[in-house]
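Chemist: Chains as they are written, first to last, in this note's numbering: chain R, -8 to 106; chain P, 7 to 118.
No lab work stands behind these hints, which were simulated from the structure alone. Every value quoted in this text rests on a predicted model; they were computed, and no experiment measured them. Check before you lean on any hint, since a few could be wrong.
Computed Cβ-Cβ distance ranges for the label pairs, DEER-style [to be verified]:
| id | chain 1 | residue 1 | chain 2 | residue 2 | range |
| --- | --- | --- | --- | --- | --- |
| 1 | P | 88 | R | 33 | 21 to 27 angstroms |
| 2 | P | 85 | R | 69 | 42 to 48 angstroms |
| 3 | P | 102 | R | 52 | 21 to 27 angstroms |
| 4 | R | 34 | P | 21 | 19 to 25 angstroms |
| 5 | P | 13 | R | 38 | 34 to 40 angstroms |
| 6 | P | 79 | R | 50 | 30 to 36 angstroms |
| 7 | R | 19 | P | 85 | 33 to 39 angstroms |
| 8 | R | 98 | P | 90 | 17 to 23 angstroms |
| 9 | P | 116 | R | 53 | 46 to 52 angstroms |
| 10 | P | 105 | R | 52 | 40 to 46 angstroms |
| 11 | R | 74 | P | 17 | 30 to 36 angstroms |
| 12 | P | 88 | R | 5 | 22 to 28 angstroms |
| 13 | R | 19 | P | 19 | 21 to 27 angstroms |
Where is the CB? At the ideal position from N, CA and C, for every residue including glycine.
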Amino acid sequence: AQKVTQAQTEISVVEKEDVTLDCVYETRDTTYYLFWYKQPPSGELVFLIRRNSFDEQNEISGRYSWNFQKSTSSFNFTITASQVVDSAVYFCALSEVDSSYKLIFGSGTRLLVRP
Amino acid sequence: AAGVIQSPRHLIKEKRETATLKCYPIPRHDTVYWYQQGPGQDPQFLISFYEKMQSDKGSIPDRFSAQQFSDYHSELNMSSLELGDSALYFCASSLQGAEGYTFGSGTRLTVV
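So here's chain R without its partners, still in its complex pose:
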């Protein structure tokens, strides 16, 4: 069965520190997609990235980077030089072709960046 685990419930860092949010997933499908979303206090879900299971290339977007490793079923997210505006809840999610592409979310990691 599909499952997403975000073991870190809350992380607190001081501004400018680097922080890595962990995501481990379980799936039997060979074709699937992984997502990261940011949910600020206002509540909307802000899309950060989508990767498919055939593309293990790491990606960097500004201060954000993602490390996808199929061997360990992990899709970790790193924020470099964190800022107060990065404070939010971050969700990792899995979408499978055989499950109508619905998203299965992890429980989320609350990130607090202190000035």
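Position chain P against the provided structure of chain R, taking the given hints into account.
Modeler: Coordinates of chain P only, in the frame set by chain R:
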């Protein structure tokens, strides 16, 4: 670019009342999804529609129903509301699976 539009943004209802949430997907997107996010919880899948036909169903209470209309907008109807139905309800749309998967801003339902 057009986004997924949800209305209303906020809704307050009393117990046992009925609520209708609306979702307007991105034009040409063929799939609509509904999710429920309780306080401090992650979003949970409720139901989805592909080309106006129900394509998948999650843990959606029998008191809830949904449909997608000919213009592709979707409505989530919730009857006999309970306090535990208070949540953020998100609609998302996509094209051909995971392409362009986009969430609306959500409807915050409060049941008092």
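Chemist: For every hint, state whether the structure bears it out.
Modeler: Hint-by-hint comparison with the structure:
Checked against the hint of 21 to 27 angstroms, the C-beta distance between residue 88 of chain P and residue 33 of chain R comes to roughly 26 angstroms, which is consistent with it. Taking 42 to 48 angstroms as the suggested C-beta distance range, the pair residue 85 of chain P and residue 69 of chain R conforms, at roughly 45 angstroms. Hint check: residue 102 of chain P to residue 52 of chain R, Cβ distance near 24 angstroms, so the stated range 21 to 27 angstroms holds. The given range of 19 to 25 angstroms is respected by residue 34 of chain R and residue 21 of chain P, whose C-beta atoms sit roughly 23 angstroms from each other.
For the pair residue 13 of chain P and residue 38 of chain R, the beta carbons lie near 21 angstroms from each other, so the given range of 34 to 40 angstroms is not met. At about 34 angstroms, the beta-carbon gap between residue 79 of chain P and residue 50 of chain R stays in the expected band of 30 to 36 angstroms. Roughly 36 angstroms separates the CB atoms of residue 19 of chain R and residue 85 of chain P, a value that falls within the hinted 33 to 39 angstroms. Between residue 98 of chain R and residue 90 of chain P the C-beta distance comes to about 19 angstroms, which sits within the given range of 17 to 23 angstroms.
For residue 116 of chain P and residue 53 of chain R, the hinted distance range of 46 to 52 angstroms is not satisfied, since their beta carbons lie about 36 angstroms from each other. Taking the beta carbon of each, residue 105 of chain P and residue 52 of chain R are about 19 angstroms apart, not inside 40 to 46 angstroms as hinted. Hint check: residue 74 of chain R to residue 17 of chain P, Cβ distance near 34 angstroms, so the stated range 30 to 36 angstroms holds. A hinted range of 22 to 28 angstroms for the beta carbons of residue 88 of chain P and residue 5 of chain R is inconsistent with their spacing of about 42 angstroms.
A hinted range of 21 to 27 angstroms is violated for the C-beta pair residue 19 of chain R and residue 19 of chain P, which are about 40 angstroms apart.
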